[in-house]
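Protein chains in written order, with the working numbering: chain B, 66 to 229; chain E, 2 to 355.
Hints were generated in silico from the structure; no laboratory data involved. There's no promise every hint is true.
Here are the simulated DSSO-like pairs of lysine-lysine, each with C-alpha atoms no more than 27 Å apart in a straight line [what the hints assert, rightly or not]:
hint	chain 1	residue 1	chain 2	residue 2
1	E	Lys248	B	Lys92
2	E	Lys145	B	Lys118
3	B	Lys224	B	Lys203
4	E	Lys231	E	Lys248
5	B	Lys96	E	Lys248
The chain contents come next:
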Amino acid sequence: MSLINPGFGLIIWMTLAFGILLFVLAKFAWKPIMAALKEREDSIENALLAAEKAQQAMEELKLGNEKLIQEAQIERDTILKEARKLKDVILNEAREKSIMETKNMIQSAREQITTDKNAALAEIKNTIASYSISIAEKILREELKDKSRQMAYAEKLLKETSLN
Amino acid sequence: MAQHDLKNPVDKLEKWQEEIAQEDFKAGEMIIEHITDSYEWHIITVGHTHVSIPLPVMLYDEGEFHFFMSSELHHNNGTYQGYFISDEGFNSGKLVRKDDAGAEIRPDLDFSFTKNVLAIFFSIFLLGFIFISVANSYKKRKGKAPKGLQSLLEPIIIFVRDDIARSSIGEKRYERYTPFLLTIFFFILINNLLGIIPFFPGGANITGNIGVTGVLAAFTFIITTYSANKNYWVHIVNAPGVPWWLKIPVPLMPIVEIMGVFTKPFVLMVRLFANMSAGHIIILGFISLIFIFGEISQGLGFGVSIVSVGFSIFMDVLEILVAFIQAYVFTLLSALYFGMATEEAHHSSETINH
Chain B
66 MSLINPGFGL IIWMTLAFGI LLFVLAKFAW KPIMAALKER EDSIENALLA AEKAQQAMEE
126 LKLGNEKLIQ EAQIERDTIL KEARKLKDVI LNEAREKSIM ETKNMIQSAR EQITTDKNAA
186 LAEIKNTIAS YSISIAEKIL REELKDKSRQ MAYAEKLLKE TSLN
Chain E
2 MAQHDLKNPV DKLEKWQEEI AQEDFKAGEM IIEHITDSYE WHIITVGHTH VSIPLPVMLY
62 DEGEFHFFMS SELHHNNGTY QGYFISDEGF NSGKLVRKDD AGAEIRPDLD FSFTKNVLAI
122 FFSIFLLGFI FISVANSYKK RKGKAPKGLQ SLLEPIIIFV RDDIARSSIG EKRYERYTPF
182 LLTIFFFILI NNLLGIIPFF PGGANITGNI GVTGVLAAFT FIITTYSANK NYWVHIVNAP
242 GVPWWLKIPV PLMPIVEIMG VFTKPFVLMV RLFANMSAGH IIILGFISLI FIFGEISQGL
302 GFGVSIVSVG FSIFMDVLEI LVAFIQAYVF TLLSALYFGM ATEEAHHSSE TINH
C-alpha cells in the first residue's frame, strides 16, 4: 500500500524542485539552444537558397554564354561569307580592271607602234626621196655636163612629155 | 517430566523458527523497501554495519515543528520524539506516532528531506549542469556544427521539438510549450536512467514514485487548463457531432468529457509510476530469487544466480528502452493535451471550404 501513498513532503519538494528546474532550464538552456538551433536552421536554409539561386544564375549565365557563342558564330559566319563575297568581287574587279588596263595598254602600244611605224615610214620615204633627188641631181649633173647631152636629154624629155 | 522434556524441544523449535523467520530473507519487504521513498539513503550494509546517509526529518505536528536527522531514529531504537517508522499498513515506511488510542497516525505535515528529494535535487543539478553547458557550447560555437555532448543531445532536442511539440501542438503555438516538454522529457529520462543504476547516487526510484509522477502530471494538467481556449471548453460542454440525446436531458457526454479532463493527467501519473515500478520490481524479484534459493542451499543459490543475473541483465536492457519510451510517451501525451487545449475551431473554415 505504501507504494500508492504519496508522501506530502515529497510532493512539496518535487513541485519546488521541478519548478526551479523548469524556470532555470527555460531561461538559461532552452532559450539559447532553441535560438541557436533556429538561427542555424535559418542560415542553412538561406545558404541552400543562395546556392540554388547561384546555380540558377550560373545556368542562366551558361545559357547566355551559349547564346552569345551561337550569335558570335553566326556573326563570324556572316562576316566570313561577306568577306568571301567581297574578296570575289574585289578579285573580279581587279581582274576586269587589269584586263581592261592591259587591253588599253596593248591598244595604246599598238597605236604608238602604228604612229611610230608611220613616222618611221614617212622618214624613210623622206630620206629615200631626198637621196633619190640628190642621186638624180648628181646623175643629172653628170649627164648634163656637156651641151649636147643636155640638149639631147631635154629633147628626149620633151618628146616623152608631148607623147603623154 | 517426559511431557516437560517433550515440550521443551518444541518450545525451542518454535523459538528457533521464530528466529529464523526474523532473519529470513523477505523478498517482498526488500523489494518494497527498494522502490519506495525512505528517510535515509541506505548505501550498503557490510556485515551488521549499515552505511547510509542520514537525511533531515521535518515534521509539523500539533502546532509544533520537529527537526532531527533520520540517524536519531537508529540511535534511539527506532523511536525519536515519539515518532517511529511504521512497518505495516497504509503508512508503512513512513514516520508515524501513536495516538491516545494506540493507533498509528501520521504527523499533520511531513516535509522531510527524504531519499527521493535528495535524488531529485541531484538529478536537477545534473540536468542544469548538462543543459547549461550545452547552451554555452551553442553560444560559443555559434552557427557551427555541434560537438561532444551537444551533438549527443541535439538530435533528441530536435526530436522533442519537431516530432513531439510541433507535430502535436501545431506550427503556430508549439514554441510556447517546447521548454516545458523538453524539461519533462529530460527530467523523466534522466531519472529513469538513474533509477536503473543500482547504487548511490542512482537507484532512487523517482519516476516510479506516485508523488513525483503526480506532480509532473499536475504540471501538465495546470498548463493544459490554463492555456485552454474557448473551443476546448465548448467541446467539453457541448461536443460537436454527438447526438443531442446524449446531452439532454441527461448530460452524459459532458460528464464523460469532464471526467476525461481529470483522467488524462491521472493516467499520465499512473502509467509512468506503474511502468517504472514494475520494471524495478521484476529486476529485484530476479535478484531476490538468488537469496531465496541461497537460503535453502548455498550451491543452489549460486546456480540460480547465473539464471537470475542473466534475466536481470535482460530486464536492465529492457528498462533502458522503457526509460526512453516512457519519457517519450509522457511528453507526447502532454503535447497532445496542449494541442487539444489550444486547437482552434475549424468548423467555420470547413463550411467555407466545402
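Next on the checklist: Please verify whether Lys224(B) and Lys203(B) have alpha carbons no more than 27 Å apart.
Outcome noted: holds (23 Å)
Checklist entry - Are Lys96(B) and Lys248(E) close enough, with their CA atoms no more than 27 Å apart? => result violated (45 Å)
Next on the checklist: Check the hint pairing Lys231(E) with Lys248(E) against an upper bound of 27 Å on the C-alpha distance.
Outcome noted: holds (19 Å)
Checklist entry - Are the Cα atoms of Lys145(E) and Lys118(B) separated by 27 Å or less? => result Given that 27 Å is the threshold and the Cα spacing comes to 23 Å, the pair holds.
Checklist entry - Lys248(E) and Lys92(B): Cα distance at most 27 Å? => result This hinted pair is violated, its Cα atoms lying about 45 Å apart.
Comparing the model with each earlier hint shows violations of hints 1 and 5; every other hint is respected.
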